[in-house]
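> Sequence:
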Amino acid sequence: MCTTILAMAMMLLAYAGNALLDARLQARQARDAVTLTRASRQLLGTILPTRLERGAALALGGDASADPESLKAYATNRDAMVAGFASVQDLLRNRDLPSVTATMARLNAAQDAVNLLRPRIDEALRVPKPKRDPALLPAVLTAFQELLDALTATTDAVDSAIPRSDAILQHYLVLKRSAWATRVAIGNVALRVQTSLAAGTSWSLPETVAAAEERARVQSAWSSTSEAAAQSSDAVRSAFEKAKRSNFEGEAAEAARAIFDALSQHRASPIAFQDLRKRNSVEQMTIVDLANAALAEMVARAESLAAEADGVLLHSAAALLAVLLLVGLGLMALFGGVLRPLRIIATAMRALTGGDTAVAVPVRAYRNEFAPIMVAVQAFRDNLIRTRDLEAGAERARLDADDQRRDSLRQMAQRFEEAVGGMIGSVASSANALQVTAQTMTATATQTAGQSTAVAAAAERASSKVNTVAAAAEELGTSVQEIGRQADGSADLAQRAAAEADRTAARVQDLSSAVDQIGAVVGLISSIAEQTNLLALNATIEAARAGAAGRGFAVVASEVKALAAQTAKATDEISGQIAQVQASTGQAVEAIAAITARIREINGAATTIAAAVEEQGAATQEIVRNVGQAATGTGEVTTTMTGVAQAAEGTGLAASQVLAAASALSDQSDRLTAEVERFLASVRVSYAVSAAQVAIVQRSFATVQALGDTAAELFYGRLFDIAPQVRSLFPDDMTAQKRKLVAMLALAVANLDKPEALVAAVRDLGDRHVGYGALQAHFEAVGAALLWTLEQGLGPDFTPEVREAWTETYRVIAGLMTMTGAAKAA
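Its first residue numbered 2, the sequence shown is counted upward by one per residue in my numbering.
No lab work stands behind these hints: they were computed from the structure. One or more of the hints may lead you astray.
What the hints assert, rightly or not - In silico lysine-lysine, DSSO-like type, Cα no more than 27 Å apart, as pairs: (1) Lys741 - Lys755; (2) Lys755 - Lys739; (3) Lys279 - Lys243; (4) Lys73 - Lys130; (5) Lys279 - Lys130; (6) Lys132 - Lys73; (7) Lys245 - Lys279; (8) Lys279 - Lys73.
Nothing here was measured: the structure is a model prediction, and the numbers come from that model.
I would like the entire structure built from these sequences, with the hints used as guidance.
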């Protein structure tokens, strides 16, 4: 609507402006018409005295000098001509009339030529004909004719320049030109007649014909004048009638015919030259008066048109002013009453759309149709403020929740790291301890197997000795039976028996010591079994704590526990057997001691041998029986120790299995540690950089990425300036490296919101940089160069928020890379 109103206002202004321009043009044309008509009148007033001056100069053809009256008239006409010429120049000066200006040069030249002749004319008129220069008259006539022709040409140009738009002006212009044409034509006739009369000559036939043609042109011009004067004003009609009577009717017409006839018929003129010149001047002046009357009407009409044009111009200017005032008032009303409220509403809405709730809404400033709109905008503003408050609250809540989430993640990661790290450390420690224990068990089992073999061998030897004792006992029985028969050799045999008894006692004592040693070994095996059972129990507990990762270890621990139980059971059985062997060897020792005592008694009291033979036989049988039991016990010990050796070998095999399981558990613990570190790194990435910072980094990197190689050149140039020692880590041709840099940054930035992918990519990058020889100190220089490059690429967009976001992002990436490098170095 505003556009339509403005368009209509502009159309109205354009119409009023065009009307004003047209009025101004018409006023200028009217003023030009006034000037031109005045110039035409002035030219006519100049031509007439010029012609009269020329006519007076014809006196140069007479014999006598000019009389004072003629000289006075000549001077008067000259003054009138000069004054008129100056007035014409003033009127036409600085006018944009090319056709008129073109004639002025000729006119000025002709005027200068006449001015040069005037002193000579004045001098010649005051002397008689013989004293005159004969060439002067032709020169004067030629100069005046050129001046008259130039004046006529200028007059024609001026008349042609008069606007033809007004019919009345055009009518009087035609009348003036016709009247002047008549005056020129009749003047030419008078000039011919006066020249002949002044010279006292008549006309030849050609001159008569020429004079007749000139008279015909006079009649033609007068006929046009008569037609033009028919519809003229009273003043013009009066001048026309006067000119008609003075030149074409009555005595004037008859005198003209009489002079024509006289000159053409070579008769004397009825009128003398001086009389005819005065008479022609008066008569022809009436034609000039007619032309002047027409010019007066032209000037009056032009002035009237100019006044009308000025009035129209004034009215047009007033109309334009009124239109401007109307349009101004309308625009003021439009802008003040419509556009200004609309602009205020639009400004307020744009501000509100942009989030500026501080914009003022002048609700009470308008009581018109805009009041409801202002109220609606105010309501919109209030709603926006409430919405903004709600959004701000929601944003604060979101930020608080995000901070709480990040804190929770940080605390959870810390607790997880502490708990799981401790558990993994415990598992690793237990696995190492179990591995050491398994190695110890393997060594102990090997040692037990060796000692069991040694015990078995010792038991075998003890059995052999017991068998030897049994044989000796049998031999003793035989000896006792033969005591009676061999009384003489009883002493010798008693001594031998005592010696053999001593040796047997020593051997039985050795057997007792060996059995004691076997008991100690069995105790050690029992203690090892108890320790193995305790370690298996601890391993079962740790495997239960490890969860799924410790299931295999739990199975091995159960098998170790079962083997330990079997070993404990076997050692208990061996202990029982050893206790029996110890009891038997004790009895054997007591029996051998008794034998030794008896043999000594025999040796001391040979006389009592016979009496004690029977009793000795019984004792001998008892010895045989006991020694047989000892032999049986030592065989059982041998068998038991063989079982112990086999059990020790089984324990060694189980300990090897436990060692293998402990090694596998240690490897699984290392893998679990690596996975936990990867998980914690992902969690730390997720809370280290906020979502807003991720958005800032990704948005700003898009701008820097568009720079391409330029950004890479800036980065490496800055890096090598602040850390020249890293230059040797890069190739000489950096083209591919620059592309890798941009690609690496693009990958990292794209995965900032994907922690697992970021950790995987950066850890792989860290592995490669460790291989390149990158050090911890290098990362600080890289970070400084990166921030500097971003500042150069972003310019004023590199705000403190952007710097903080990139600093935090690089800290996370560098931390992941250095953590990877440290782990790999370890």
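> Does each hint fit the structure? Answer for all of them.
Evaluation of the provided hints:
Among the hinted pairs, Lys741 with Lys755 is consistent with the structure: their alpha-carbon atoms are about 21 Å apart, no more than 27 Å. Taking the CA atoms of Lys755 and Lys739, the gap is near 25 Å; set against the 27 Å cutoff, the hint holds. A hinted pair counts as satisfied when its Cα atoms are at most 27 Å apart, and Lys279 with Lys243 qualifies at roughly 17 Å. The suggested pairing of Lys73 with Lys130 holds, with an alpha-carbon distance near 19 Å, which does not exceed 27 Å.
Of the pairs offered as hints, the one joining Lys279 and Lys130 holds, with about 22 Å between alpha carbons and a cut-off of 27 Å not exceeded. Annotation: proposed proximity of Lys132 to Lys73 holds, straight-line Cα distance about 21 Å (limit 27 Å). With a CA separation close to 18 Å, the supplied pair Lys245 and Lys279 stays within the 27 Å bound. At most 27 Å may separate the alpha-carbon atoms for a hinted pair to count; Lys279 and Lys73 meet this at roughly 14 Å.
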